[in-house]
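**Q** For this one, chain A is given, so just place chain B on it according to the hints.
The primary structure of each chain is shown beneath.
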Amino acid sequence: MEKIWIIFKREYLNIVRKKTFLISTFLVPLSFALIFGIQILAAVFVEEENYTILVPSDSSPLITKELSSTETLNFKVTDAPLDSLKAQVIASKDKLLLRLPSTEQIRSNDKLSLDIVGTQTISKAVKKEVREKVEQAIKTDRTRQVGITELQLEELKFDLKIKTQKLDKSGEEKSSNTAMASIIGFAVCFLMYMLMGIYGSILMQGIIEEKSNRIVEVIVSSVKPFQLLMGKVLAIASVGMTQFLLWMVLTLVVQAGIGFIAGPELMMDSAGSQPGMEVDTNELQSTIAELQSFDWTVLWFFPFYFLGGFFLYGSLMAAAGSAVDNIQDAQQFTLPVTIPLILPILFVANIIQNPNGYFAIATSLFPFFSPMAMLVRMSLVEVPWYEVVLSMVLLVGAFLGCIWLAARIYRTGILMYGKKPSFKEVFRWIRT
Amino acid sequence: MKDNFLELHGITKRYDQHVAVRDVSLGVPRGKIYGLLGPNGAGKTSTIRMITGITVPDEGQILFDGAPLTPNHARHVGYMPEERGLYKKMKVHEQVQYLLTLKGMSPTDANHVTREWLIELGLRDWAKRPLADLSKGMQQKVQFISTVAHRPKLLILDEPFSGLDPVNAKVIEERILKMKAEGTTIIFSTHRMEQVEELCDYIALFNRGEVILEEEIGAIREQFQKNSYRIDFVGDASYIRNANMWQILELEEDTAHVQLPEGQGMREIIRYLMDTPLEVRKVELFLPRLNDIFIELVGKDAPTPVANR
Numbered sequence: 221m222e223k224i225w226i227i228f229k230r231e232y233l234n235i236v237r238k239k240t241f242l243i244s245t246f247l248v249p250l251s252f253a254l255i256f257g258i259q260i261l262a263a264v265f266v267e268e269e270n271y272t273i274l275v276p277s278d279s280s281p282l283i284t285k286e287l288s289s290t291e292t293l294n295f296k297v298t299d300a301p302l303d304s305l306k307a308q309v310i311a312s313k314d315k316l317l318l319r320l321p322s323t324e325q326i327r328s329n330d331k332l333s334l335d336i337v338g339t340q341t342i343s344k345a346v347k348k349e350v351r352e353k354v355e356q357a358i359k360t361d362r363t364r365q366v367g368i369t370e371l372q373l374e375e376l377k378f379d380l381k382i383k384t385q386k387l388d389k390s391g392e393e394k395s396s397n398t399a400m401a402s403i404i405g406f407a408v409c410f411l412m413y414m415l416m417g418i419y420g421s422i423l424m425q426g427i428i429e430e431k432s433n434r435i436v437e438v439i440v441s442s443v444k445p446f447q448l449l450m451g452k453v454l455a456i457a458s459v460g461m462t463q464f465l466l467w468m469v470l471t472l473v474v475q476a477g478i479g480f481i482a483g484p485e486l487m488m489d490s491a492g493s494q495p496g497m498e499v500d501t502n503e504l505q506s507t508i509a510e511l512q513s514f515d516w517t518v519l520w521f522f523p524f525y526f527l528g529g530f531f532l533y534g535s536l537m538a539a540a541g542s543a544v545d546n547i548q549d550a551q552q553f554t555l556p557v558t559i560p561l562i563l564p565i566l567f568v569a570n571i572i573q574n575p576n577g578y579f580a581i582a583t584s585l586f587p588f589f590s591p592m593a594m595l596v597r598m599s600l601v602e603v604p605w606y607e608v609v610l611s612m613v614l615l616v617g618a619f620l621g622c623i624w625l626a627a628r629i630y631r632t633g634i635l636m637y638g639k640k641p642s643f644k645e646v647f648r649w650i651r652t
Numbered sequence: 011m012k013d014n015f016l017e018l019h020g021i022t023k024r025y026d027q028h029v030a031v032r033d034v035s036l037g038v039p040r041g042k043i044y045g046l047l048g049p050n051g052a053g054k055t056s057t058i059r060m061i062t063g064i065t066v067p068d069e070g071q072i073l074f075d076g077a078p079l080t081p082n083h084a085r086h087v088g089y090m091p092e093e094r095g096l097y098k099k100m101k102v103h104e105q106v107q108y109l110l111t112l113k114g115m116s117p118t119d120a121n122h123v124t125r126e127w128l129i130e131l132g133l134r135d136w137a138k139r140p141l142a143d144l145s146k147g148m149q150q151k152v153q154f155i156s157t158v159a160h161r162p163k164l165l166i167l168d169e170p171f172s173g174l175d176p177v178n179a180k181v182i183e184e185r186i187l188k189m190k191a192e193g194t195t196i197i198f199s200t201h202r203m204e205q206v207e208e209l210c211d212y213i214a215l216f217n218r219g220e221v222i223l224e225e226e227i228g229a230i231r232e233q234f235q236k237n238s239y240r241i242d243f244v245g246d247a248s249y250i251r252n253a254n255m256w257q258i259l260e261l262e263e264d265t266a267h268v269q270l271p272e273g274q275g276m277r278e279i280i281r282y283l284m285d286t287p288l289e290v291r292k293v294e295l296f297l298p299r300l301n302d303i304f305i306e307l308v309g310k311d312a313p314t315p316v317a318n319r
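Line order of the protein sequences matches chains A and B.
Whatever position you read off the first sequence (first residue = 1), add 220 for this note's numbering.
Whatever position you read off the second sequence (first residue = 1), add 10 for this note's numbering.
So here's chain A without its partners, still in its complex pose (with noise of 0.2 Å):
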């Protein structure tokens, strides 16, 4: 035991002070954190474009009449020829050209298409707005049509949200949202491959450099294979948790660091005049209620499916990295071990289309999945216990086989050099 543990202090403190760590435990959730700021600069600041629309005088007067002028369009109707007009649009690029369908084409079809002509890209919000007010001037035409005045309609109009709600066993309703859900489920699940793929290859590596520069023989007359084998692998263990728990504390300071600076912000500008800002600093805001109402409870089981898989994984990848000399000769037995790891992101669409189906709870127990598995599914419903039970002993009795099936093939492994060994090679080390 005490050895494992002079093993274990060397290898996570080896790992957890080198610069790579710092660096990526800083910079994974700074450059989340920047994404996410982008975002926000992008949704309150966007860029004014100015435009002079040109709409030809024979256009249907029905929409002509009604096209008034905003801040940022300015609706021109003008009797100049079309080539003098498309002229003008090549001259400046300040400049579109507006095609409206015809007064019978509009009394009669159901089906409407305008083109806008510019010589450069036309972005969304340009494209919107014109929509927007040629969609209002023909409905305006239509409700004359029919005989309802602009009263009535504007009585007509109303707003609907369909809000989903989340029953728990003590009665309380929760809001939910199957949308954010999913995507947390998702985002958990690649962080699990992630993890669970990323700490894997340094755990190999550190076996095949050991291996390759021959310490290996050193330290085994030192101590048993198994304990070093342990150590190392307690030790990178150990590195994931504390990169997640430095994830969880930077999460929550650069949250409260966003509240503090954006929050007011957001309040100013959702109140502000700017009709098309509104919507989305709307929906920026519901975004951010809706992630403060997400039941976190999938981030206490992290740790423990994290563990589990990477014990389970870590353990087959040690066993890999133990058989050969270096890297490249690796990966005939990596093969059949990231299979299986990356299935379940594969598979994660499936389990968030129905994850109380037959299929979701299979791969949630089958212990090979069931770290990315289940923990897709807890973001999106409440698992019952029994299951999550079932899973953790499936899961923890695999990787105990695993680390005994690794220790066997290591302790041949380690002092094998020279030719690659076949699978049925490795498979009598197992035996011995």
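No lab work stands behind these hints, which were simulated from the structure alone.
Note that this is a predicted model, so its numbers are computed, not measured.
Just so you know, not all the hints are guaranteed correct.
Have a look at the derived ranges for each label pair, beta carbon to beta carbon [said to hold, decoys possible]:
1. B:K236 with A:I547: 54 to 64 Å
2. B:R134 with A:I258: 45 to 55 Å
3. B:D135 with A:M461: 54 to 64 Å
4. B:R40 with A:N433: 29 to 39 Å
5. A:F246 with B:P78: 46 to 56 Å
6. A:L620 with B:G70: 31 to 41 Å
For every residue, glycine included, the Cβ atom is placed at its ideal position computed from N, Cα and C.
**A** Leaving out everything else, chain B in the frame of chain A:
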């Protein structure tokens, strides 16, 4: 009966399909330097790995200072494998200290002896540098320190001088002899015969997984000397060439190597030479070089044992 620090009784080790070591019995005398010789793949490394406890014999028993070998003996063993290895990026002092604590030393003691040894072998200024910054010779010294600084009772050195320049080799050799003088039992595995002749008290010759010879080194040479003598002389070589009392093995301008029939020796040679006008400088019993014995025993089909780098 010699006082053996380490004894192997009927040790057999099988790997997969081949037998690496077959029914090997050895006795390593206390406080002596014991050489393991033999061509590559003869079973030396497999035997060493069992002595260091890295692997366990399939059959037979190993006695360490009179008691069956257990993992607890690891702290009394210092092992330097043929293929050297240390962590390239770990700092020298930290690294030696780490390896010593793995041997069972307390961190304080390990820290203390590490500093002493680094100073003694002139590596003080490198203590805080990563190993990769050191020259190969210095790295070897670091490896040596981490093998011996915990004062093992049994020291196992596999090719300890390979890759060392003569100056550093001398430093290490002095340390080895000093440890021997302090009572450490040393097992020494090598291909280099001149080192064996210089350092070893006993040798065991391995071939194809078996020990084909185990003996005190002087006894071996006597056993294999074929009653041949070396004569240094000045004068007419025909007196040597024409004598019919011996068979000439080699004859040069002023030195001859001759073999006498059983029962005759130095006395007969001197008597004959006295009657010739030759000026005799030296007559000596010719002791065979270990290398020749080695080749004779292992045979020409075996891979060449002398790996002169």
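**Q** Hint by hint, note whether the structure agrees.
**A** Hint check:
As the Cβ distance of B:K236 to A:I547 is approximately 55 Å, the hint placing it in 54 to 64 Å holds. The hinted range of 45 to 55 Å is satisfied by B:R134 and A:I258, whose Cβ atoms lie roughly 53 Å apart. Separation of B:D135 from A:M461 is about 39 Å and departs from the stated range, judged on CB atoms against 54 to 64 Å. Distance hint check: the CB atoms of B:R40 and A:N433 are about 34 Å apart, consistent with the given range 29 to 39 Å.
Distance hint check: the CB atoms of A:F246 and B:P78 are about 54 Å apart, consistent with the given range 46 to 56 Å. Our hint of 31 to 41 Å for A:L620 and B:G70 holds, since their Cβ atoms are close to 34 Å apart.
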